[in-house]
Amino acid sequence: MKRHLLSSRLWHWINAISLIILFMSGLNISNAHPRLYWGHYGFAPEDAWLHVMRFPGWMTIPDYYSLAKAREWHLLFAWPFAIALLFFLVAALVNGHAKRDLTTRKRDWNWSEIKEDIAQHLKLNFEHSSEKYNFLQRFSYGLVIFIGLPLMIFTGLAMSPAMDANWPWIVDVFGGRQSARSIHFIVAFGLAAFFVLHIVLVLLAGPIGQLRDMITGGTLEVEKPAEGEAT
Amino acid sequence: MNRRGLLAGVSALIIAGCTKIGETKPMTSLLKSTEGWNKWAQRLFGGRTALAREFDREDRSPTFRGNGTQDPGTPEYQAHIDAGFADWRLEVRGMVTKPLSLSMADIRCMTQRTQITRHDCVEGWSAIGEWTGPVLGDILRAAGIQDDAKYIIFRCADAIGGTDYYESVDMVDAFHPQTIVAHELNGEGLPIKNGAPLRMRIERQLGYKHAKYVSAIEAVASLGDIGDGKGGYWEDRSGYQWYAGI
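If you're matching them up, the sequences are chains B and L in order. Quick note, our numbering runs 2 ahead of the 1-based positions in the first sequence. Quick note, our numbering runs 771 ahead of the 1-based positions in the second sequence.
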């Protein structure tokens, strides 16, 4: 059995490329009006809850300030990002990946076990779970895949005046366009933090093998084959 | 291995790569093509007549930001300010069966629509105001749009860097029930920074489509012969998308 299904691998790489480009072009867009507000409207400095830093050219796409070009990159890569996520979510729900590997169960929420899981991570022991993914993996992957990434799509659409006319609920659930914009920004940085942690952990866990498996699929060592099931 | 150096190198590679690839012909056309997909998808989900949200009076922002041109600053415009815009005319011309030249009194005598809507700038900010004016569709029907006219151009009295501001929409947005030629903001004549005496409201698109200081409305078959041919001042100058629904 493959360690990573084809659907997961395809999605993983489309998502990775899209997310990097979306984030870096997003920083360029942020430079156009680096203030965040809550509610439906907001433009005055005194109403901002956050004055965002100006992101330097080496962090943005393109590498000079251009709202028009940054928006083109952002809106282009929003399409593969959203479509790939939709296909991956459907596949994961159908093939059991979501239930098995990307969600936590009630019995997982045991404080001493969670502490032990964290301790094992800090000792750089990542193979301590009897399941394919340990608790922290299932929790963080689930959080990113079911909440973080969809939130980016919905808050992104909520900033569109045309989509707000089409689907008024999409902006109302966030409490207004400026709130949606703030949430878009906050979740983007949450995803960036996940991205950094993810890369660090992959580097610590042996980047060559991890990268190879995410490309070829690798093989899953089945420790406890279910009874009566041919392996 | 120097990991920090590696990460910085990878990041620089992505940016330099994207910037370079973005300048190639196929990538430029791919980047431009999303505008069409967005228009297609947004009209698919909402139809052509979905209405922008209308707010209550207490939802309005305390002030309404002026952006872009704050005052056209020409002697002609100053003369209009001094005269209280009494002699301002709105020409309706191009591919129409009956060209019109409307005075401010004519415009105020037409059936008025008042709407409290949110204005979204491409930069990211929003303001909410109450706009009043005749529906553009009524004006166009009075002038009689010819069958092969595809776009409506808005000519403006302001220029940025010596180039006249203009904008355009297709017939879907031109005949949208919330597309009005506003002469009032929050119950008073338009402030100069917001486009006095007339500005467009194109409620399902971003702010740069809402042309200010409007002096003429033109029906045309193609955008190619106007300005640099991309359908608007910012489209020509900076490559902003002509369809600005997102």
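Any given hint might turn out to be false.
[Said to hold, decoys possible] Short derived list, chain B residues pointing at chain L, Cβ under 7 Å: (1) 34; (2) 35; (3) 42; (4) 47; (5) 67; (6) 77; (7) 78; (8) 142; (9) 162; (10) 168; (11) 171; (12) 194.
Hint data in this document are derived by calculation from the structure and do not stem from the laboratory. For glycine and all other residues, C-beta sits at the position ideal for the given N, C-alpha and C.
Comparing the hints with the structure gives:
1. 34: This interface hint holds because 4 Å falls under the 7 Å limit.
2. 35: Since chain L brings a Cβ to about 4 Å from residue 35 (chain B), closer than 7 Å, the hint holds.
3. 42: Given a least distance of 6 Å, the restraint on residue 42 (chain B) holds.
4. 47: Status violated, d = 11 Å.
5. 67: violated, 11 Å
6. 77: holds, 5 Å
7. 78: holds, 5 Å
8. 142: violated, 21 Å
9. 162: With Cβ-Cβ at 4 Å, under 7 Å, it holds.
10. 168: holds, 3 Å
11. 171: violated, 11 Å
12. 194: violated, 12 Å
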